[in-house]
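Enquirer: In case you want the letters, here they are:
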Amino acid sequence: MVLAAPVTVPYVRYSIRAAHWWLARAFSALLKSSNLQKGEIDGLTVSSFTLAPDTAIGLTQHLGLSPRWLDHIPLGGASGVVALRRAARAVQAGDADIVACIAGDTNHVDSFRLTLANFSQFARDAVYPYGAGGPNASFAFLTAYYMQKHGAKREDFGKLCVAQRANALRFESSLFKKPLSLEEYLAARPIAEPLHLFDCVMPCAGGEAFLVLSEERARRLKLPYARLLGTIERHNAFASDPVQMRAGWALDRDDLYRQAGVGPEDMDFVQTYDDYPVISLMQLEDLGFCKKGEGPAFVRKHGFTWDGSFPLNTSGGQLSVGQAGAAGGFLGMVEAIRQLTGQANGRQVEKAKLGLVSGFGMINYDRGLGSGAAILGTSKA
Amino acid sequence: MASAPVQRSLERPKRKNPVLRTRLPTLPPAARSRVALGLTAAAALGRFELQQCRECGMVQYPPREACQSCLSVNLIWKVQKPEGELLAQTVLHHSNDLFFRERLPWRLGLVKLDCGPTVVAHLHEAVEERVRVRAMLDRAGQAVIAALPLKESSDMADDRQLREFTCDPRQRKVLITDGKTSLGQALVKALAKAGADIIWVGHSEPWKKFPGFDELQKIPQVTLLPLDVTDSKNVREAAAEIAGKVDILVNNAEYHRSFGIGNRQGVETARAEMDVNYFGFLRLAQEFGPAMRARGADGKASAVAWVNLLSIYAHANFPPHGTFSASKAAAHSLAQCLRAEMRPAGVRVVNVFPGPIDDEWNQLLPPPKLAPDTLARSILSALREGVEDVYPGDVAQEWLARWRDNPKALERELSA
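Chains A and B are the protein sequences, given in the same order.
The numbering used here numbers the first residue of the first sequence as 1275 and each following residue consecutively.
The numbering used here numbers the first residue of the second sequence as 11 and each following residue consecutively.
Treat the hints loosely; a few may be bogus.
[To be verified] Straight-line C-alpha distance at most 27 Å; calculated BS3-like pairs for lysine-lysine: (1) B/K122 with A/K1565; (2) A/K1452 with A/K1423; (3) A/K1566 with B/K122; (4) A/K1427 with B/K122; (5) A/K1423 with B/K122.
Just so you know, the hints here were simulated from the structure itself, not pulled from any lab data.
Can you build the whole structure from these sequences, using the hints too?
Expert: Below, the structure is given as structure tokens:
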């Protein structure tokens, strides 16, 4: 199975359009970049928070599509990896030949507050009435606990944020166009201590999409592609941990590397889900790039820009591109396809052959429930 | 981690500038699933209960429709040990909700309870690693969990956040509608001791001194106020004078006679009971309610609570005091209406359901009977702890347990 046609609908802070507009832009960008006709795409996955009251099936009529295979994947930051997994199985089983995986959300001035207030039953009952801080408050707890337990400092998180901003400056669709220094990072105003302004993603509107199809079909269509070498998914792992310091990756990573026949040391870049920097550290640990608790030392040892010793979130990640709702779960996947097909203009990781994309989503109550990861390689990998 | 400056004993709020705009009340988010209202039901009584599985014993939070361990739907709300370990804390400097936005910075903690679950809690500023938790009603009338210091301290209730949930009388202005009864006088003393700023004490016959009158007048915060709850004009005049200042209203005016239907001729006694216990309450609510509703967010000493002296007989008729029971049932129903109307302003309606008070009208009832001092203390702690339904003393507790267990059985038992 392969992935092709990485597209991003350039992000904006606020949009007066509905989610459907962003998903339509993403789908039409897919067609344009692949030279396919609408009818040739016979499978579709849709991920969006703001599409309600519609779901994927409503979108088929909205956009005049008639797929023979359809899936709605409302898994937030895990959507990208899970969409890929569902789509790959559908193509493998012959249920569809070409699947469009699209994600997009709009952002009105008040829509983020409304999304938070009604995010989940547990959030509404047991988190939102406590200061209505949204995910900032939940991640403040995780960050505080991580700092206390593993000795991470604000500078460690800052190093990731600063590197990602440098990457974002080379990505045309990013919302952030100004460089960020560590001094500016440290001097930012507090949001939910210990989180400060640049630890938090900016909600925005945008869309992301890619195609999943067989390698043979991609070749026939002359589409540059990346190969899927291994992938894992897990939900509500380690439910009895009193506070989240690990997620499903820690359970399944051996399986992931076994499928791909490679190890973490073979990766040329990594795209983590980065709504807050502490989660990137957790992923690097759980995915075997360093031991549990050694995240801070790992950060101090490496450079994380596209040309650094450990290229991470090479398009800037959500922290510097913006968080376009569920599209945030696609950002790393789309960027990985670009890197492996030589389309990462100006931030191309040299000789990139293998990359790891990780997803993490749905702060239902006190922790993220969904986790997943995929290892992708170039057409020659 | 830097935290908000520690604020010690509450200072007396400055006098209000009447020309400035009074801030309108906002409420914390009130939406809850039905199953989550189990926490509210327990918090209304001052209990810390969590959902527990009857099959496997699993204690879980947030509330669910099924046991997360064995999938049984046989779940009950059970009192749990209210202690745990503070795992992490944060101070919010940003909120998406108006109520909290007006009150930033706001402290929160993540607490691992000894009984199992991890909870998000409002955090008292003086907490250490081990904390005590309490389910309290917030200004929206919904339960939230607060993490407090393990050890009680004298200025604990002054915590800025805790004061948003409680109705602590400290530095607040209180009206007690009847100073003549032993309960009224016990209440005045308890509230004065608790640091109330002004206590207006109603007396319905201002032309004569009642026993204890002189003693009340010696309390510096006390101002005696002619108030007859059966006189609409008088209630209106009293309200015109002080309604815009009352932060806590305690309606303890009560008319109590024994007997039910068969032992009495005519409706005069029943009408007199209704005139005080029901219409008196209605008159007060009409005259004082709107002013208090407008002052739900009026600075550090805003309008916070309305206390009704009801009776355990409001839930199930006690035939030997049959018409009195009926008047209290009527008052209880009206209190539910007042509660709904005060809720948008965040003013709590506290209903007190005592068993027989140790006074002349309960002379023939066997002990245990509730001492007025004890009852006054229960009301005070209800205000301090954010409780809205108070069942003080053994008799009330037993009736409550019987009534909750099987209301029909209680009816039969009472008619025996």
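Enquirer: With reference to the structure, classify each hint as holding or not holding.
Expert: Evaluated hints:
For the hint linking B/K122 to A/K1565, the alpha-carbon distance of about 25 Å falls within 27 Å, and the restraint holds. Between A/K1452 and A/K1423 the CA atoms are separated by roughly 33 Å; this puts the pair beyond 27 Å, and the hint is violated. With a CA separation close to 22 Å, the supplied pair A/K1566 and B/K122 stays within the 27 Å bound. At roughly 24 Å between alpha-carbon atoms, A/K1427 and B/K122 fall within 27 Å of each other, so this suggested pair holds.
For the given pair, A/K1423 sits about 16 Å from B/K122 by alpha-carbon distance, which is consistent with the 27 Å threshold.
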